[in-house]
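Q: Protein sequence lines, in the order shown, are assigned to chains A and B. Per our numbering, the first sequence starts with residue 756, numbered consecutively. Per our numbering, the second sequence starts with residue 14, numbered consecutively.
Any given hint might turn out to be false.
Straight-line Cα separation of at most 27 Å, DSS-like style, residue types lysine-lysine; simulated pairs [to be verified]:
| hint | chain 1 | residue 1 | chain 2 | residue 2 |
| --- | --- | --- | --- | --- |
| 1 | B | K83 | B | K121 |
| 2 | A | K766 | B | K124 |
| 3 | B | K121 | A | K766 |
| 4 | B | K124 | B | K91 |
| 5 | B | K121 | B | K68 |
| 6 | B | K121 | A | K833 |
| 7 | B | K68 | B | K86 |
| 8 | A | K772 | A | K833 |
| 9 | A | K833 | A | K770 |
To give a feel for the contact side, a few chain B residues facing chain A, derived at Cβ under 10 Å [unchecked claim]:
| hint | residue |
| --- | --- |
| 10 | P22 |
| 11 | V26 |
| 12 | Y50 |
| 13 | S55 |
| 14 | R56 |
| 15 | M58 |
| 16 | R63 |
| 17 | K86 |
| 18 | M102 |
| 19 | C105 |
| 20 | A106 |
| 21 | L109 |
| 22 | E115 |
| 23 | K116 |
| 24 | V118 |
| 25 | F119 |
According to the in silico footprint, chain B covers these stretches of chain A (three or more CB under 8 Å from chain B) [claimed, not checked]:
| hint | segment |
| --- | --- |
| 26 | 800-814 |
| 27 | 826-839 |
Since the hints were derived computationally from the structure, they do not count as laboratory data. By construction, the Cβ of each residue, glycine as well, lies at the ideal position given by its N, Cα and C atoms.
Here are the chains, one letter per residue:
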Amino acid sequence: GAGVSQTPSNKVTEKGKYVELRCDPISGHTALYWYRQSLGQGPEFLIYFQGTGAADDSGLPNDRFFAVRPEGSVSTLKIQRTERGDSAVYLCASSQGASYNSPLHFGNGTRLTVT
Amino acid sequence: AQTVTQSQPEMSVQEAETVTLSCTYDTSESDYYLFWYKQPPSRQMILVIRQEAYKQQNATENRFSVNFQKAAKSFSLKISDSQLGDAAMYFCACTLLQGGSEKLVFGKGTKLTVNP
Chain A
756 GAGVSQTPSN
766 KVTEKGKYVE
776 LRCDPISGHT
786 ALYWYRQSLG
796 QGPEFLIYFQ
806 GTGAADDSGL
816 PNDRFFAVRP
826 EGSVSTLKIQ
836 RTERGDSAVY
846 LCASSQGASY
856 NSPLHFGNGT
866 RLTVT
Chain B
14 AQTVTQSQPE
24 MSVQEAETVT
34 LSCTYDTSES
44 DYYLFWYKQP
54 PSRQMILVIR
64 QEAYKQQNAT
74 ENRFSVNFQK
84 AAKSFSLKIS
94 DSQLGDAAMY
104 FCACTLLQGG
114 SEKLVFGKGT
124 KLTVNP
């Protein structure tokens, strides 16, 4: 694919349910980031992968959030026991290296709505 | 804590005119990078322009240029000859090296409207 692909585009779930958000980065990009964008705000960092390992997960808000990248390509962001405050657009980005050296390429995001 | 401030929630410009979007930041790092991203309704963040803090020369990309004032920690974006397709949210961002990784800190954004 030409760019970063995120699925689903939109997800509506009930409070307390479990959701998975998928990110397909650009082929060959070793760095992968997840950001969360709440309404009226800029994106906020959640987690960064270099290859298969989470190099920095300091932005995950609590232990209900978890992300994996088992083969160093596709990543899944998992949210347990969703709360209404989790409603936001979740953006994924990939790059060949550190974002200052190699520009971040963002996907179109997944809009998560928790009712 | 590192912060990025965009003081203009909304701006408007006439087609073909010039507009400047403001951004200030606060960082304790000596070396960092600054970015402007554009986010149209499709939600995809698109890199507009990048500036390395150690470079004194202001970055330019076609109709887009920046005014980087390192001492004042100011990083404004100038859009010349505005086009209808420039209408979008614009986010200023600064790199933060923390916890062994490098990430971006974004401002809250400025919504730009281009009037025909």
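Q: With reference to the structure, classify each hint as holding or not holding.
A: Hints, one by one, checked against the model:
With a CA separation close to 21 Å, the supplied pair B:K83 and B:K121 stays within the 27 Å bound. For a cut-off of 27 Å, the pair hint linking A:K766 to B:K124 stands: about 25 Å separates their Cα positions. The straight-line distance between the Cα atoms of B:K121 and A:K766 is roughly 24 Å, inside the 27 Å bound, and the hint therefore holds. With a CA separation close to 14 Å, the supplied pair B:K124 and B:K91 stays within the 27 Å bound.
Restraint check for B:K121 and B:K68: the C-alpha separation of about 26 Å stays at or below 27 Å, so the hint holds. Taking the CA atoms of B:K121 and A:K833, the gap is about 26 Å. The hint holds against a cut of 27 Å. A threshold of 27 Å between alpha carbons decides the hint, and for B:K68 with B:K86 the separation of about 14 Å falls inside it, so the pair holds. As the CA atoms of A:K772 and A:K833 are separated by approximately 11 Å, the hinted pair is consistent with the 27 Å bound.
Distance hint between A:K833 and A:K770 is fulfilled; the C-alpha atoms sit about 14 Å from each other, no more than 27 Å. The restraint placing B:P22 at the interface with chain A holds, with a minimum CB-CB distance near 9 Å, inside the 10 Å limit. Restraint check, B:V26 versus chain A: the minimum CB separation of about 21 Å is more than 10 Å; hint violated. Annotation: interface hint on B:Y50 holds; nearest CB of chain A at approximately 8 Å, less than 10 Å.
The beta carbon of B:S55 comes within 6 Å of a beta carbon in chain A, closer than 10 Å, and the hint placing it at the interface holds. A least Cβ separation of about 4 Å between B:R56 and chain A falls short of the 10 Å threshold, and the interface hint therefore holds. The interface hint given for B:M58 holds, since its Cβ lies 4 Å from the closest Cβ of chain A, which is under the 10 Å cut-off. Interface restraint check: B:R63 against chain A, minimum CB-CB distance 7 Å, threshold 10 Å, status holds.
With a cut of 10 Å, the hint placing B:K86 at the interface with chain A is violated, because the nearest CB-to-CB distance is about 17 Å. About 9 Å separates the beta-carbon of B:M102 from the nearest beta-carbon of chain A, less than 10 Å, and the hint is met. Of the supplied interface hints, the one on B:C105 holds, with its beta-carbon coming within about 8 Å of a beta-carbon of chain A, less than 10 Å. Hint status for B:A106: holds, given a least beta-carbon distance of 7 Å to chain A, under 10 Å.
The beta carbon of B:L109 comes within 8 Å of a beta carbon in chain A, closer than 10 Å, and the hint placing it at the interface holds. For B:E115, the suggested interface contact is upheld, since its CB lies about 5 Å from the closest CB of chain A, less than 10 Å. With a least beta-carbon distance of about 4 Å to chain A, the hint placing B:K116 at the interface is held under the 10 Å criterion. With a cut of 10 Å, the hint placing B:V118 at the interface with chain A holds, because the nearest CB-to-CB distance is about 7 Å.
This hint holds: B:F119 has a C-beta 3 Å from the nearest C-beta of chain A, less than the 10 Å allowed. Coverage of the segment 800-814 of chain A by chain B holds in this model, with 7 residues showing a Cβ closer than 8 Å to a Cβ of that chain against a need of three. For a cut-off of 8 Å, the count of residues in the segment 826-839 of chain A with a CB near a CB of chain B stands at 0, and the three-residue condition is violated.
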